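There are 2 protein chains.
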Amino acid sequence: MSKFWSNAVKRSNPYIPGEQVNNPEIIKLNRNENPYPPSPLVLKAIKKEVGQSLRLYPSPTVDTLREEIANLYDLGKENVFIGNGSDEVLAFSFMAFFEPGQAIRYPDISYSFYPVYAKLFDIPVEEIPLQDDFSIKPSDYYDSEGGVIFPNPNAPTSLYLNLAGIEEILRHNQDRIVIVDEAYIDFAEESAVGLLKKYDNLLVIQTMSKSRALAGLRLGFALGSPELIEGLVRIKDSFNSYTIDRLAIAGGVAAIKDKAYFTEKKEKVIATRSWVTEELEKRGFTVLPSQTNFLFVTHPEKDAARLYEQLKENLILVRYFNKPEIANFIRITIGTDEEMKTFFHVLNRLENF
Amino acid sequence: MSKFWSNAVKRSNPYIPGEQVNNPEIIKLNRNENPYPPSPLVLKAIKKEVGQSLRLYPSPTVDTLREEIANLYDLGKENVFIGNGSDEVLAFSFMAFFEPGQAIRYPDISYSFYPVYAKLFDIPVEEIPLQDDFSIKPSDYYDSEGGVIFPNPNAPTSLYLNLAGIEEILRHNQDRIVIVDEAYIDFAEESAVGLLKKYDNLLVIQTMSKSRALAGLRLGFALGSPELIEGLVRIKDSFNSYTIDRLAIAGGVAAIKDKAYFTEKKEKVIATRSWVTEELEKRGFTVLPSQTNFLFVTHPEKDAARLYEQLKENLILVRYFNKPEIANFIRITIGTDEEMKTFFHVLNRLENF
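Just so you know, the protein sequences line up as chains A and B, in that order.
According to UniProt numbering, the stretch in the first sequence is residues 1 to 353, in order.
According to UniProt numbering, the stretch in the second sequence is residues 1 to 353, in order.
Please keep in mind that the hints were generated in silico from the structure rather than gathered at the bench.
In this text the structure is predicted, and so the values were computed from the model without any measurement.
Misleading hints may appear alongside valid ones.
Under 7 Å between C-beta atoms, here's a sample of chain A residues computed to sit facing chain B [to be verified]:
1) Ile46
2) Glu99
3) Ser241
4) Leu280
5) Glu281
In silico DSS-like pairs for lysine-lysine, Cα to Cα no more than 25 Å straight-line [claimed, not checked]:
6) A/Lys44 x B/Lys44
7) A/Lys77 x B/Lys265
8) A/Lys119 x B/Lys257
9) B/Lys3 x A/Lys77
10) A/Lys48 x B/Lys119
11) A/Lys48 x B/Lys265
12) B/Lys119 x A/Lys47
13) B/Lys119 x A/Lys10
14) A/Lys257 x B/Lys48
15) B/Lys3 x A/Lys47
Virtual Cβ for every residue (Gly too), placed ideally from N, Cα, C.
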């Protein structure tokens with residue numbers, strides 16, 4: 001504690017990211033990163049941009065990338081906001097659409113950055129318990145005071161809420177913003193983007209970190225009405241004119257353009273998810289029906305914390321959340337087929353499955 | 001205006017960056033970019049990083065770059081904070097060290113982003129007039145209510161305040177943070193970094209955009225006591241865990257390492273500044289004694305706004321500020337010798353100098 005800290009620092013409760021380890025022998029199934037590299041066209045586009053022009057400021061409006069994303073979803077450029085990772089987009093959204101003193105709602109088991117933002121910006125929260133099957137009950141989110149935010153699919157549960165449910169939440173919050181945080185949507189049924197035409201209180205947030213394998217480049221985006229996007233732009237232009245560097249812009253454009261590569265790798269992850277789920281179930285695990293690139297699993301006879309430790313000792317890193325409601329679950333990121341075979345090799349040996 | 005906007009959006013008054021033009025024929029002397037490319041070692045280091053690893057999150061603590069910068073200034077890693085451009089560092093600093101309701105002081109002619117941050121974060125301001133010669137008078141900043149911030153050298157005036165003056169301001173604000181924004185310091189006499197040992201209320205902010213020719217990569221940093229750096233880290237980790245992408249980290253480390261290239265190009269800019277100053281003075285301009293990579297100039301017989309327009313019609317872009325106190329000044333970024341020769345070629349023809 002320092003006498004120079006503002007109240008914002010004093011009340012803050014910073015987010016702690018998943019463990020970082022430098023041992024190249026470790027199989028990292030703990031941060032929901034994509035096991036496949038970015039598209040070769042992305043690497044090519046970035047390399048082309050590495051030169052003289054780095055001395056010049058990038059575009060403050062990032063129009064090339066906005067247009068590419070707009071085309072992808074049949075929207076206009078004015079419906080798209082780009083941020084330095086979806087965490088930055090979320091932070092700007094909290095500033096732009098939530099108000100200190102007005103309580104927002106989100107699921108109690110959810111992305112653990114939401115309470116961090118709320119602390120920073122002094123926004124009261126109502127953490128709504130999930131149902132017993134870990135699903136979100138739409139009516140719990142009706143008539144919020146300050147707005148609603150939830151991931152879809154949810155993390156770390158991996159569960160998807162269908163569009164009918166989302167529509168219910170939107171209809172019962174017409175004067176408040178509902179943010180649907182779609183970090184994992186490309187591994188799921190359908191985005192809520194189609195609802196933008198009908199609901200002006202909807203903001204959809206996505207990232208290029210997961211399905212487009214660009215966690216290291218920092219690109220996220222929001223989709224919404226021109227008024228909402230203008231709100232985000234006003235916050236961003238009051239904060240940092242140039243949030244997206246030249247290399248990220250070039251890489252992002254190429255990543256959206258290469259639809260074939262994106263689809264191939266996404267389907268590969270989904271196929272791996274499918275056999276890994278089966279194999280876990282064969283060994284007595286309960287696996288929540290995942291629509292993400294990770295699995296949220298528990299075993300009736302095994303202690304999750306211990307399993308996490310045992311796997312770690314064997315150079316396999318998964319994620320364990322020390323939170324009462326999910327204390328007997330671990331979250332396993334879907335790796336390559338080879339990595340998942342090694343995972344089972346270790347698991348079998350550990351537990352005599 | 002949208003009913004969904006927060007009060008922060010409503011009260012915001014976003015920053016407007018210098019004009020962006022895509023015409024490659026235009027000589028851009030309007031954004032204080034470095035006329036020379038980044039070090040070849042920077043480009044090499046970035047290219048090496050363009051690959052597989054982009055699928056992985058970058059380091060949230062950016063230790064490699066922090067250590068490199070710490071070594072440069074004979075500090076520890078715990079004295080260094082890295083941001084996505086110095087504008088982001090400034091934004092986090094406003095959140096970490098200034099308090100809504102407590103008035104901060106800065107010069108009325110200064111970096112025009114300060115009032116933008118103040119609006120966003122609801123911090124009252126006392127804009128202190130510069131002296132008649134555009135210099136900062138230290139005693140004007142004594143005993144501030146909420147803290148002090150100023151660029152040194154100042155922009156757009158290009159004038160440097162010596163360390164004795166800065167020390168006076170620090171000594172008379174011992175319970176408040178004084179931020180010295182050293183975006184242009186590498187073109188000037190001496191950084192205030194040396195004062196960190198003596199004053200725990202000092203935060204120094206620098207950027208790699210100007211002297212290291214990396215405006216397109218977005219890297220800035222703050223130097224201060226471990227407590228102040230911890231305050232910034234807490235804000236950042238409540239906002240966005242991974243603000244610096246993998247390519248920027250690689251490029252930043254290489255940029256700090258290549259001291260020879262840095263010194264060579266910096267000295268080249270200073271040499272060009274010297275002859276350009278002389279040539280302007282020969283033509284009757286008053287040129288403030290610059291310690292930056294730009295000149296702030298006025299002419300007793302010429303209208304600055306008109307000169308700006310005429311230069312623009314001739315494909316030379318400089319910066320004009322439509323502000324009463326400096327309405328007869330233009331700001332000219334130092335380009336290459338060749339660019340500055342073209343500038344004079346155009347100027348001579350325009351005004352029959």
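Given A/Leu280 as an interface hint, is the shortest Cβ-Cβ distance to chain B below 7 Å?
violated, 24 Å
Can the restraint linking A/Lys77 and B/Lys265 be considered satisfied, given a maximum Cα separation of 25 Å?
Status violated; Cα separation ~39 Å.
Hinted contact A/Ile46 with chain B - closest CB pair below 7 Å
holds, 5 Å
Keeping to a limit of 25 Å between CA atoms, is the pair of B/Lys3 and A/Lys47 held or broken?
violated, 44 Å
Have a go at the A/Glu99 hint: is there a Cβ in chain B nearer than 7 Å to its own Cβ?
holds, 5 Å
Agreement of B/Lys119 and A/Lys47 with the hint, judged by alpha carbon distance not exceeding 25 Å:
violated, 39 Å
Between A/Lys257 and B/Lys48, is the straight-line Cα distance small enough, at 25 Å or below?
holds, 24 Å
Pair hint outcome, A/Lys48 versus B/Lys265 [Cα-Cα no greater than 25 Å]:
Between A/Lys48 and B/Lys265 the Cα gap is close to 24 Å, so the pair holds against 25 Å.
Please verify whether A/Lys119 and B/Lys257 have alpha carbons no more than 25 Å apart.
Since the Cα atoms of A/Lys119 and B/Lys257 sit roughly 39 Å apart, the hinted pair is violated (cutoff 25 Å).
Are the Cα atoms of A/Lys44 and B/Lys44 separated by 25 Å or less?
holds, 15 Å
B/Lys3 paired with A/Lys77 [C-alpha distance capped at 25 Å]:
holds, 22 Å
Pair hint outcome, B/Lys119 versus A/Lys10 [Cα-Cα no greater than 25 Å]:
holds, 21 Å
Consistency with the previously given hints fails for numbers 4, 5, 7, 8, 10, 12, 15, ordered from lowest to highest.
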